[in-house]
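**Q** What follows is each chain in one-letter form.
Protein chains: 2
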Amino acid sequence: MTVDLKLFELVDSKTRKVSFSPAVWRAKFALNYKKITYESVPLTFLEIPTVITAACPNVISPTVPTLQLEPGNGLPDSFAIAEYIEEQYPDRPLLFGKNISEKNLQRFFESYVQSKIHPPIRRMVYNDMYSMQDEKNADYFRTSREKSSGQPHHLIAGDRNQNLRELKESLGLVHTALQSGDWILGPQPGWADFVLGASFMWFNSCSPNDFKEGILEAFDDQIMLNYWKKMQEYVY
Amino acid sequence: MTVDLKLFELVDSKTRKVSFSPAVWRAKFALNYKKITYESVPLTFLEIPTVITAACPNVISPTVPTLQLEPGNGLPDSFAIAEYIEEQYPDRPLLFGKNISEKNLQRFFESYVQSKIHPPIRRMVYNDMYSMQDEKNADYFRTSREKSSGQPHHLIAGDRNQNLRELKESLGLVHTALQSGDWILGPQPGWADFVLGASFMWFNSCSPNDFKEGILEAFDDQIMLNYWKKMQEYVY
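Chains as they are written, first to last, in numbering that gives the first Met the number 0: chain A, 0 to 235; chain B, 0 to 235.
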């Protein structure tokens, strides 16, 4: 098996140390769960197009994560990366299970996280993500987010209490699901758990206080905290 | 295997012919999918306590569905019934798959249907369900629903357009999931599909026009209609 894998990641442009992208964390969790060795290549927003295009000319629209499989050949998109390593390393713990039904249900869970849990987090981390950027990256971030949200800079974060309420509402089904086992999937984690964990990493990397209040302390028990602690095994 | 199974079902009190309860339909789909023979016992709201208590004295709080396993012994709750027949008939097609992870993910899907798809349907069928009852059952239905919803009779149905919007929003993830296969699970149906199909049966039995507009025609393609057609194989 190749040992030359490189993972192009997104980091903040002020310290270059904080990997905050939820899409990147999905790939990292998947790689770490399977104990696959890779070299991390940290990039700022503005470095993504040039560095990835130079390293992996086959990637038409450079995004993170991109996994460089060998020099010149990159695989973008967290789900495609997960499918690739699942196929390449079938002897390692499975991300998707053995049945198409389980994979489809995990994709449903992924859609849920993406459409119900990401939006309130996205608004809550907005100002902190902005502050983590140097001037040029901050400009890029602001402009692209104003465009994607259709709102001016000062309105994107929205009302904090309303964001917390919306997040808790969407987290309710997750909290219920975690009551029946250690992980969303049961005794072992898998793609669904790493999708969720990746949003938590994103939230915590940018806005640790809001993460604590909005996720870890959202319910009157230890379920979210214990889940988060267990997840740390795959954070590196 | 026993052939004396009886399923206590809910029917309208005017014609006694319409089985409209989504909980009952989950059990019926599960039984039909496994081709298990059972005798149907139709009950109105007001008959449930007396008839089930007399037939199955072990059932403390009589509800539908209740599956009478043998004279005097009833099993209430659609999920418990599904688990029971899955265990008793392991040679028949599986409802939950072979892995706990798949079962847990199906339960997550069930929670989603229950908390996101049922509420708008519940409001949209309210007036029709009321009209399907004779005087005494209508009184019971109205009183219990006023209590559970915390709203007076004339407000329970809510605004039709808002209900349709909310339903379509929640149906979005389902529609996406159905794009990758025949069923939510893929090439074969299972518990998740029957949970969803049961809500559709409920909606269609009570308010066929709203069902058509709110489900079958909610998207600009044939996905929901084809799904509904396929589901008919298990409707009897």
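Among the hints, erroneous ones may be present.
Given that identical chains are not distinguished, each listed pair holds provided it fits within a single copy or across any two copies.
As the list claims (entries may be wrong) - List of simulated lysine-lysine pairs, DSBU-like, C-alpha gap at most 30 Å: (1) 135 x 16; (2) 135 x 34; (3) 135 x 229; (4) 97 x 135; (5) 146 x 167; (6) 5 x 167; (7) 16 x 97; (8) 228 x 146.
Note that these hints are calculated values from the structure, not bench results.
None of these values were measured; they are calculated from a predicted model.
**Q** Now look at each hint and say whether the structure bears it out.
**A** Outcome of the hint check:
no.: 1; hint: 135 x 16; verdict: within (17 Å within a copy, 69 Å between copies)
no.: 2; hint: 135 x 34; verdict: neither (36 Å within a copy, 65 Å between copies)
no.: 3; hint: 135 x 229; verdict: neither (37 Å within a copy, 54 Å between copies)
no.: 4; hint: 97 x 135; verdict: neither (46 Å within a copy, 52 Å between copies)
no.: 5; hint: 146 x 167; verdict: both (27 Å within a copy, 25 Å between copies)
no.: 6; hint: 5 x 167; verdict: neither (36 Å within a copy, 41 Å between copies)
no.: 7; hint: 16 x 97; verdict: neither (37 Å within a copy, 43 Å between copies)
no.: 8; hint: 228 x 146; verdict: neither (36 Å within a copy, 41 Å between copies)
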